[in-house]
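> Each chain, letter by letter, is given below.
2 protein chains.
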Amino acid sequence: MPPESQQLKNSIGIVEIKSFTFAAPPNEMTLECGAKLGPITLAYETYGTLNAAKSNAIVVSHTLSMDAHAAGYHPDDKKPGWWEEMIGPGKAFDTNKYFMICANVLGGCKGSTGPSSVNPKTGKPYGSSFPIVTIGDMVDTQRKLIQHLGIKKILCLAGGSMGGLQALEWVVSYPDDVASVIAIAANMRQTAQQIALHEVMRQAIMTDPDWNGGDYYGKKIPARGLALARMMGHITYMSDQSMEEKFGRKLFEKNKFDYNLSAEFEVENYLKQRGDNFVKRFDANSYLYISKALDYFDLAQGQDAAKVFKNVKANFLVITFTSDWLYPSYQSKEMVKALKASDIDVSYCEVASSYGHDAFLVEVKGQSHLIEHYLSRIQREVDHGK
Amino acid sequence: MPPESQQLKNSIGIVEIKSFTFAAPPNEMTLECGAKLGPITLAYETYGTLNAAKSNAIVVSHTLSMDAHAAGYHPDDKKPGWWEEMIGPGKAFDTNKYFMICANVLGGCKGSTGPSSVNPKTGKPYGSSFPIVTIGDMVDTQRKLIQHLGIKKILCLAGGSMGGLQALEWVVSYPDDVASVIAIAANMRQTAQQIALHEVMRQAIMTDPDWNGGDYYGKKIPARGLALARMMGHITYMSDQSMEEKFGRKLFEKNKFDYNLSAEFEVENYLKQRGDNFVKRFDANSYLYISKALDYFDLAQGQDAAKVFKNVKANFLVITFTSDWLYPSYQSKEMVKALKASDIDVSYCEVASSYGHDAFLVEVKGQSHLIEHYLSRIQREVDHGK
Numbered sequence: 007m008p009p010e011s012q013q014l015k016n017s018i019g020i021v022e023i024k025s026f027t028f029a030a031p032p033n034e035m036t037l038e039c040g041a042k043l044g045p046i047t048l049a050y051e052t053y054g055t056l057n058a059a060k061s062n063a064i065v066v067s068h069t070l071s072m073d074a075h076a077a078g079y080h081p082d083d084k085k086p087g088w089w090e091e092m093i094g095p096g097k098a099f100d101t102n103k104y105f106m107i108c109a110n111v112l113g114g115c116k117g118s119t120g121p122s123s124v125n126p127k128t129g130k131p132y133g134s135s136f137p138i139v140t141i142g143d144m145v146d147t148q149r150k151l152i153q154h155l156g157i158k159k160i161l162c163l164a165g166g167s168m169g170g171l172q173a174l175e176w177v178v179s180y181p182d183d184v185a186s187v188i189a190i191a192a193n194m195r196q197t198a199q200q201i202a203l204h205e206v207m208r209q210a211i212m213t214d215p216d217w218n219g220g221d222y223y224g225k226k227i228p229a230r231g232l233a234l235a236r237m238m239g240h241i242t243y244m245s246d247q248s249m250e251e252k253f254g255r256k257l258f259e260k261n262k263f264d265y266n267l268s269a270e271f272e273v274e275n276y277l278k279q280r281g282d283n284f285v286k287r288f289d290a291n292s293y294l295y296i297s298k299a300l301d302y303f304d305l306a307q308g309q310d311a312a313k314v315f316k317n318v319k320a321n322f323l324v325i326t327f328t329s330d331w332l333y334p335s336y337q338s339k340e341m342v343k344a345l346k347a348s349d350i351d352v353s354y355c356e357v358a359s360s361y362g363h364d365a366f367l368v369e370v371k372g373q374s375h376l377i378e379h380y381l382s383r384i385q386r387e388v389d390h391g392k
Numbered sequence: 007m008p009p010e011s012q013q014l015k016n017s018i019g020i021v022e023i024k025s026f027t028f029a030a031p032p033n034e035m036t037l038e039c040g041a042k043l044g045p046i047t048l049a050y051e052t053y054g055t056l057n058a059a060k061s062n063a064i065v066v067s068h069t070l071s072m073d074a075h076a077a078g079y080h081p082d083d084k085k086p087g088w089w090e091e092m093i094g095p096g097k098a099f100d101t102n103k104y105f106m107i108c109a110n111v112l113g114g115c116k117g118s119t120g121p122s123s124v125n126p127k128t129g130k131p132y133g134s135s136f137p138i139v140t141i142g143d144m145v146d147t148q149r150k151l152i153q154h155l156g157i158k159k160i161l162c163l164a165g166g167s168m169g170g171l172q173a174l175e176w177v178v179s180y181p182d183d184v185a186s187v188i189a190i191a192a193n194m195r196q197t198a199q200q201i202a203l204h205e206v207m208r209q210a211i212m213t214d215p216d217w218n219g220g221d222y223y224g225k226k227i228p229a230r231g232l233a234l235a236r237m238m239g240h241i242t243y244m245s246d247q248s249m250e251e252k253f254g255r256k257l258f259e260k261n262k263f264d265y266n267l268s269a270e271f272e273v274e275n276y277l278k279q280r281g282d283n284f285v286k287r288f289d290a291n292s293y294l295y296i297s298k299a300l301d302y303f304d305l306a307q308g309q310d311a312a313k314v315f316k317n318v319k320a321n322f323l324v325i326t327f328t329s330d331w332l333y334p335s336y337q338s339k340e341m342v343k344a345l346k347a348s349d350i351d352v353s354y355c356e357v358a359s360s361y362g363h364d365a366f367l368v369e370v371k372g373q374s375h376l377i378e379h380y381l382s383r384i385q386r387e388v389d390h391g392k
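Taken in sequence, the protein lines are chains G and E.
Counting in my numbering, the first sequence runs from 7 upward without gaps.
Counting in my numbering, the second sequence runs from 7 upward without gaps.
Simulated from the structure, these hints should not be mistaken for laboratory data.
One thing to keep in mind: the hints can contain errors.
Calculated cross-link-like contacts (lysine-lysine; reagent style DSBU-like; alpha-carbon spacing at most 35 Å) [as the list claims (entries may be wrong)]: (1) E:K260 with G:K252; (2) G:K226 with G:K313; (3) G:K278 with E:K225; (4) E:K260 with G:K316; (5) E:K316 with G:K256; (6) E:K24 with E:K159.
Here the structure is a predicted model, which is why all the values come from computation and not from measurement.
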């Protein structure tokens, strides 16, 4: 179903997915785990125009369950890309000014190389023989794409949640690549609670008999496990308050209790729908691999957090949301403290929101104002060679 | 393994589990869902001595996954009852003064009638033909036990989490039964987030093929689903802070990453152990039924919360914990507000603790002082006929 013209008018419009393949054997890429992988394909989208100086490029990175389709519409889309409200002409990430790039992460299932890709050595999907990837590997592959596009200095690395972690990993690993970072609802390392939540989700998938050790392509997929993982994820993306406001104790299509074991409350039905829809669009093995990549994320690698940013020259905007309990504000404040300890220019803002972790997707006004002005300042500074 | 003498010295010591059976056909009990159930057995324990006036009885009610064994040791116990630190000679619930009663809830699997009990009509376990039970039904059955013991007025109803909900339901339904209530980490109704968490746990069990529609007794049990539910539950019982303090990013029995999909962090191993142990001691159907009973809990039944306590005469002590995100303090504060609106004598205390919802089991000092003095005051008032 093509989008309505009204929608297209405020949008970057129809967009297309592109792909870039590199690291073809014998020049495979060595991953952080030591394994070699190649060829590697990254699916990506771009919005806006790269200027002649190639100085207006912004890389947006995505979360666990998203993909390269951050804005605009594919011809058969019912809904636009996941950050449509933030990316487009006149929006926070203004495509009249900036050249936006978003790539599906390594390990993903939306066009980039991942466990559902065919291993050229066997002619079969990798499944659980796919090597473990890290946030660092995701960065290294996106960096190849940026080099391929001829961009030497990225104006801004931006992202929320896992997208923010990629931005942080990138600027710490390759400080000369980047003029600025916008890290939203992110942190410097995954905590025990975050790892615990991921592990329960992984166990939901891996204890589903249909997971079959990761070898289920062309067979029955581990739908029950993946739906469960997604249901659980959704609870962590919302807040106590937003769930209460949206659902409270409302019943689903009834006005009194059935008194049986089935779902009766609207919130139960919502989670089930979300779980079932997710199974249609996401690969269970990608969920395992990407959640593992999150767990390994620790910018300081167990060392002194204050020294993480010692070589970084970029400017930072850090945003959190009051009701986000998955990436609580105190975690970003630790990062701000470490940035300040390294004498880095950092703006920090905690946006009041009841939407929990999802706020980074839905609190458009609260973020737009901050981001728009921040990017104008950064571009001014870059243009004046500061 | 018998407990060591040192342990016994500070304990109520060796205790025994008793049982009380009632509602034998044709005098079955009518449950809130409308179904009739009988005979009904409640397994229970008592600690201390009922005085001649039968005026020193305290009913302690348990949580989703606990049972009647609140204190002391069974002869083959390695560990004492679940509230050992709080119940015993000289402890907060002082068994030199009070007669403590704790019964396994209806729907449970530790001696009380539940889905794993044999249905006398079929000679087979009820399984999912067991009728839905509510917190109100749990109260009604415990009330039968109290009447059977000849107690006309309960000095105090006490409990944390679901135990607190039972105390609240009891005092609202039968205000003349009770002189006082200690409600710890409880609330007046289950919220959308709590229902959502329960539903994901239930789906974990019910989508396990071994659940088999609830008919798994004598066959392979839905161990994967129940372990998953427990793992998830554990995350909600702890706090971000307590998980970070206990586990952080420590690895399990290694000092570097394996880079595979298996559990590597200590927190993952801990959750797995907890899940696997739980499966050995708890029935999956009981988990479904008791979590459902929680979801139905709504003291005001959708009506004005301020009017809930209008017929209540009991005195209240309400305790919460700063880091409890499963039953956050604001929910108890709403209850305190409703109690005050009904001119009820209520003491409220928010105990500083990093232990999350588990604090009600482990914050012994913070609670003991409050409870000890509160109970002394209540008994003084009862003895002086106030």
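> Now, for every hint given, state plainly whether the structure supports it.
Here is how each hint holds up against the structure:
no.	hint	verdict
1	E:K260 with G:K252	violated (44 Å)
2	G:K226 with G:K313	violated (48 Å)
3	G:K278 with E:K225	holds (28 Å)
4	E:K260 with G:K316	holds (29 Å)
5	E:K316 with G:K256	holds (25 Å)
6	E:K24 with E:K159	holds (21 Å)
Comparing the model with each earlier hint shows violations of hints 1 and 2; every other hint is respected.
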